[in-house]
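K.L.:
As a plain string of letters, each chain reads:
Number of protein chains: 2
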Amino acid sequence: MTEAPIRRPGGRSARVRAAVLDATLAELTGEGYDGLTAESVADRSGVHKATLYRRWGGVDGLVADVLSRAAGQPWQVPDTGSLRDDLHAITQAVRAGFTDPDGGAAPRNLILAALRSPQGREALTGLFEARHGLAAGVVTRAVARGEVPEGTDAVDVVRATCAPLYYRLFVTGEPLDGPAARRAAEVALAAARAGAFAPPP
Amino acid sequence: MTEAPIRRPGGRSARVRAAVLDATLAELTGEGYDGLTAESVADRSGVHKATLYRRWGGVDGLVADVLSRAAGQPWQVPDTGSLRDDLHAITQAVRAGFTDPDGGAAPRNLILAALRSPQGREALTGLFEARHGLAAGVVTRAVARGEVPEGTDAVDVVRATCAPLYYRLFVTGEPLDGPAARRAAEVALAAARAGAFAPPP
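In the order they appear, the protein sequences are chains A and B. Position 123 (the first sequence) corresponds to 123 in the UniProt record's numbering; numbering is contiguous. Position 164 (the second sequence) corresponds to 164 in the UniProt record's numbering; numbering is contiguous.
It should be emphasised that the hints constitute simulated quantities derived from the structure, not laboratory data. C-beta atoms are modelled at their ideal positions from N, C-alpha and C, and glycine is treated no differently. Don't take every hint at face value.
Stated by the list, open to error - Computed beta-carbon distance windows for the label pairs:
| id | chain 1 | residue 1 | chain 2 | residue 2 | range |
| --- | --- | --- | --- | --- | --- |
| 1 | B | Gly146 | A | Gly146 | 48 to 58 Å |
| 2 | B | Gly58 | A | Lys49 | 41 to 51 Å |
| 3 | A | Glu122 | B | Thr37 | 18 to 28 Å |
Claimed, not checked - Footprint (simulated), chain B over chain A, 3 or more residues, beta carbon under 8 Å:
| id | segment |
| --- | --- |
| 4 | 75-85 |
| 5 | 117-125 |
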């Protein structure tokens, strides 16, 4: 305590947060959301359960904070010089992220866990707002290149590109295979070129 | 027991099922999925809790059976003579169903409850399969009228039409307003006309 690094306030707090949120994600990989408890996160992270409850309130708060952390992290957006290739890169990245046999369970279970509480759903809204805003860059660059009409709603093109993937993953439960991912990109592209995301002239 | 109507096997059983599933839906309206318990359904339906557990296994089984019942019920598909008007009718119906101040909570909470268990998610897949199959009729009729190319994947047009609505409702948490519903129909229409749902010629 006497050696606390005064010039780095939050240093220990940030390390605790990282350990706890990493442990939360790891628990979601192994056990799914049913196995996620404050006890299991405490055991895995080495942080006392009382600290978890005081700082995060419980499992819903842990899940929400994992999403908040993700919303603040950089996310590489494709920039191939072609809207078609950029949209395909986005749908393939989403598909790979959720269907990878090793790593796909954690993001999938994280979202299912978030859907279980108002706090989780609010954090989900924040994460998607951040990601949509970043990915919209592929569309604004395409507008600048003249690939799609002026006035195209860039965020809405991103929504249309991603929605069919998440619809399969989290609503209909249909498989998210390669053809489905490619179709989503081609549909959004065709509609954008046709001016469906721009106000009527 | 001695007066059981022998010539209507399943008559009483069907009445019990209807009472129990109606009570499950009513509980989802009032209490949300957190308040849905076998006890509350037993109280509301007048069916003994032991019967509920024996026949449905618990809350997840109740939720799944509500969805299975819905999958078997008729669902009126628009047939206006125009693909644009049919798609707009579908998106407006989905929007109205989920955002109605009085009736919207039940279907919304039903889907959130279904997402909580593998059994619920499987029933959800069955319901969407049934609904997609019915709604695909608007696209096959449009192909016959020459509005969209031969070979257009009718079910996939329906998926693309509905996905942005469910993406808002159950993933991003963004509001499902009138403009969003109209945009979804116009995007699917533009892409269908452009041949994005048909194999390359």
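K.L.:
Work down the list of hints and note, for each, if the structure agrees.
P.N.:
Do the hints match the structure? See the list:
| no. | hint | result |
| --- | --- | --- |
| 1 | B:Gly146 with A:Gly146: 48 to 58 Å | violated, 31 Å |
| 2 | B:Gly58 with A:Lys49: 41 to 51 Å | violated, 29 Å |
| 3 | A:Glu122 with B:Thr37: 18 to 28 Å | holds, 25 Å |
| 4 | 75-85 | violated (count 0) |
| 5 | 117-125 | holds (count 4) |
Checked against the numbered hints given earlier, the structure breaks hints 1, 2, 4 and satisfies all the rest.
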